[in-house]
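Spelled out from the first residue to the last, the chains are:
There are 2 protein chains.
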Amino acid sequence: MIPGLRLQATCKLNLINGIPQEQLHVADRGLQYGDGVFRTLRASSGKLIWWGDHYAKLAADARALGIACPVEEVLKPECLTVAQGQDCVVKVILTRGAGQRGYALPDPASPTRMVMSSALPDYPAAFVSQGIKVRWCSLKLGRQPRLAGIKHLNRLENVLARAEWSAPDIAEGLLLDEAGWVIGGVMSNFLFIRGKTLFTPDLSQCGVAGVTRERIMRLAQRQGMQVRITQMRPQDVFRADEVCVCNSLMGVLRVSMIDDRPCAEKGWAGKFRDGLNEDD
Amino acid sequence: MIPGLRLQATCKLNLINGIPQEQLHVADRGLQYGDGVFRTLRASSGKLIWWGDHYAKLAADARALGIACPVEEVLKPECLTVAQGQDCVVKVILTRGAGQRGYALPDPASPTRMVMSSALPDYPAAFVSQGIKVRWCSLKLGRQPRLAGIKHLNRLENVLARAEWSAPDIAEGLLLDEAGWVIGGVMSNFLFIRGKTLFTPDLSQCGVAGVTRERIMRLAQRQGMQVRITQMRPQDVFRADEVCVCNSLMGVLRVSMIDDRPCAEKGWAGKFRDGLNEDD
Numbered sequence: 662m663i664p665g666l667r668l669q670a671t672c673k674l675n676l677i678n679g680i681p682q683e684q685l686h687v688a689d690r691g692l693q694y695g696d697g698v699f700r701t702l703r704a705s706s707g708k709l710i711w712w713g714d715h716y717a718k719l720a721a722d723a724r725a726l727g728i729a730c731p732v733e734e735v736l737k738p739e740c741l742t743v744a745q746g747q748d749c750v751v752k753v754i755l756t757r758g759a760g761q762r763g764y765a766l767p768d769p770a771s772p773t774r775m776v777m778s779s780a781l782p783d784y785p786a787a788f789v790s791q792g793i794k795v796r797w798c799s800l801k802l803g804r805q806p807r808l809a810g811i812k813h814l815n816r817l818e819n820v821l822a823r824a825e826w827s828a829p830d831i832a833e834g835l836l837l838d839e840a841g842w843v844i845g846g847v848m849s850n851f852l853f854i855r856g857k858t859l860f861t862p863d864l865s866q867c868g869v870a871g872v873t874r875e876r877i878m879r880l881a882q883r884q885g886m887q888v889r890i891t892q893m894r895p896q897d898v899f900r901a902d903e904v905c906v907c908n909s910l911m912g913v914l915r916v917s918m919i920d921d922r923p924c925a926e927k928g929w930a931g932k933f934r935d936g937l938n939e940d941d
Numbered sequence: 662m663i664p665g666l667r668l669q670a671t672c673k674l675n676l677i678n679g680i681p682q683e684q685l686h687v688a689d690r691g692l693q694y695g696d697g698v699f700r701t702l703r704a705s706s707g708k709l710i711w712w713g714d715h716y717a718k719l720a721a722d723a724r725a726l727g728i729a730c731p732v733e734e735v736l737k738p739e740c741l742t743v744a745q746g747q748d749c750v751v752k753v754i755l756t757r758g759a760g761q762r763g764y765a766l767p768d769p770a771s772p773t774r775m776v777m778s779s780a781l782p783d784y785p786a787a788f789v790s791q792g793i794k795v796r797w798c799s800l801k802l803g804r805q806p807r808l809a810g811i812k813h814l815n816r817l818e819n820v821l822a823r824a825e826w827s828a829p830d831i832a833e834g835l836l837l838d839e840a841g842w843v844i845g846g847v848m849s850n851f852l853f854i855r856g857k858t859l860f861t862p863d864l865s866q867c868g869v870a871g872v873t874r875e876r877i878m879r880l881a882q883r884q885g886m887q888v889r890i891t892q893m894r895p896q897d898v899f900r901a902d903e904v905c906v907c908n909s910l911m912g913v914l915r916v917s918m919i920d921d922r923p924c925a926e927k928g929w930a931g932k933f934r935d936g937l938n939e940d941d
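Here the protein sequences come in this chain order: V and H. The first sequence lines up with residues 662 to 941 when you count with our numbering. The second sequence lines up with residues 662 to 941 when you count with our numbering.
Among the hints, a few may not be true.
The list treats identical chains as one, so a pair stands whether inside a single copy or across any two.
[What the hints assert, rightly or not] DMTMM-like, lysine to aspartate or glutamate: derived pairs with alpha carbons at most 25 angstroms apart:
1. Lys673 <-> Asp768
2. Lys708 <-> Glu926
3. Lys812 <-> Glu739
4. Lys927 <-> Glu733
5. Lys794 <-> Asp768
6. Lys673 <-> Glu839
7. Lys708 <-> Asp748
8. Lys812 <-> Glu839
If you are wondering where the hints come from, they were derived from the structure by calculation, not from laboratory data. Values in this document were obtained by computation on a predicted structure and should not be read as measured data.
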């Protein structure tokens with residue numbers, strides 16, 4: 662558990678296919694096989710932060726699995742409804758829907774969309790002012806190009822990796838793939854800056870290509886930085902001017918320590934935070 | 662869809678934590694992350710076929726993920742209840758239960774057990790008398806030793822592989838891993854016989870180590886055969902005296918063709934079928 666993190670145990674409001682309910686049929690392939698995709702986004706006074714990017718990514722991920730994505734005109738109002746004008750987390754799960762037993766795709770398929778809100782994680786102010794401590798996870802991500810980059814519901818690797826530590830001062834774990842390349846955080850994307858170049862891992866074999874990482878890459882390019890999506894080793898990380906992790910809830914946070922090794926600081930995380938909402 | 666296969670669209674009877682119901686809370690980690698394991702077994706006139714093996718495997722898989730497995734005295738009566746004295750499929754899903762948002766394990770966790778029955782697949786008699794046609798899948802399984810062998814709920818690779826074909830005369834797809842080793846069928850385990858030796862793939866990197874494969878290995882050893890769990894290439898398969906796939910619903914079936922290439926026949930599938938229930 663992240664220090665100071667407070668969350669309520671269950672969602673505040675759930676819509677399943679537009680209907681307020683909290684229960685899903687057990688024949689849904691989201692449960693049976695993890696056959697679906699999801700999004701986690703932030704609502705601020707009910708406004709859906711970076712909605713356009715989130716919807717585009719949901720649609721792309723659904724297309725990659727051959728699941729029909731609801732049109733924006735259906736999904737956005739549902740997200741606004743569960744956000745209820747508040748500061749909260751909105752999570753969208755889209756599955757291939759219920760089917761008969763067996764892996765074969767239901768034909769026709771009738772996808773299930775779930776939209777739910779919950780309390781924002783209450784990150785300590787020190788995460789922004791002092792950066793966060795992270796650790797290397799021992800679990801190595803498997804490589805599967807057919808699923809790489811997609812935020813799908815098969816997340817047991819993340820669950821096992823997150824279970825590796827309970828120390829409250831460790832805010833995130835970093836993952837390598839089985840070939841030893843740095844891929845990202847358990848719940849975040851990873852990047853570092855050296856000189857005027859932003860480096861972020863190649864996610865063609867595993868990992869999730871998140872919306873915040875995408876926005877930071879666009880921001881860096883607008884600011885005239887080089888952006889390199891590349892394979893990287895742990896030793897490359899320690900030669901960086903600054904190391905960051907990012908996701909839609911925490912934004913961009915500087916990494917101050919990886920296990921017992923301090924990371925340099927050059928003020929990049931703050932610059933990215935300031936610019937992240939520019940092209941909203 | 663397998664030729665002649667008839668299935669009803671939804672389960673006949675579901676118990677969730679012992680209570681007849683068909684709906685699961687959306688906060689369940691089985692849906693959110695695929696954080697659970699499952700079993701598919703056959704009931705014959707209500708008798709749970711190979712129950713002891715299935716329960717032992719469920720318990721081992723749950724232990725591998727750190728999920729508390731219900732005691733047999735709770736689970737078996739529930740399986741018998743849903744089987745209702747009939748010939749049917751009984752599926753058991755065990756998840757880590759509902760939790761707050763995020764990958765961190767709920768503490769304490771309250772696992773969810775789902776027990777459900779459905780119609781048996783109606784395999785054509787020719788599957789037994791003439792063997793089945795199968796194909797090589799183009800999807801290559803990723804390698805993840807932490808999850809290998811476990812029948813967990815992260816099954817998107819199986820879903821994508823099964824979606825590769827719709828020809829009704831193809832009963833199963835065979836999968837290689839990304840290193841090119843033969844692993845098994847989309848919904849079955851794989852084995853072949855050469856001389857007096859049974860060969861079946863090493864599943865230490867990926868794949869599901871099924872109960873029927875385990876029973877066939879024990880049977881072969883009782884009959885004085887050598888059993889070799891080994892890495893194998895596709896070309897090794899074609900040097901076999903007989904190639905088979907197996908699972909708890911189909912039992913053991915001979916493979917007569919892999920794509921356009923016929924496989925030899927020596928009567929092994931029939932011998933294994935006859936012996937499979939011996940030590941029940």
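Hint-by-hint comparison with the structure:
| no. | hint | verdict |
| --- | --- | --- |
| 1 | Lys673 <-> Asp768 | between (33 angstroms within a copy, 20 angstroms between copies) |
| 2 | Lys708 <-> Glu926 | neither (32 angstroms within a copy, 66 angstroms between copies) |
| 3 | Lys812 <-> Glu739 | within (20 angstroms within a copy, 35 angstroms between copies) |
| 4 | Lys927 <-> Glu733 | neither (39 angstroms within a copy, 58 angstroms between copies) |
| 5 | Lys794 <-> Asp768 | between (48 angstroms within a copy, 23 angstroms between copies) |
| 6 | Lys673 <-> Glu839 | neither (38 angstroms within a copy, 42 angstroms between copies) |
| 7 | Lys708 <-> Asp748 | within (8 angstroms within a copy, 54 angstroms between copies) |
| 8 | Lys812 <-> Glu839 | both (19 angstroms within a copy, 21 angstroms between copies) |
In this structure, the earlier hints numbered 2, 4 and 6 are contradicted, and the remaining ones agree with it.
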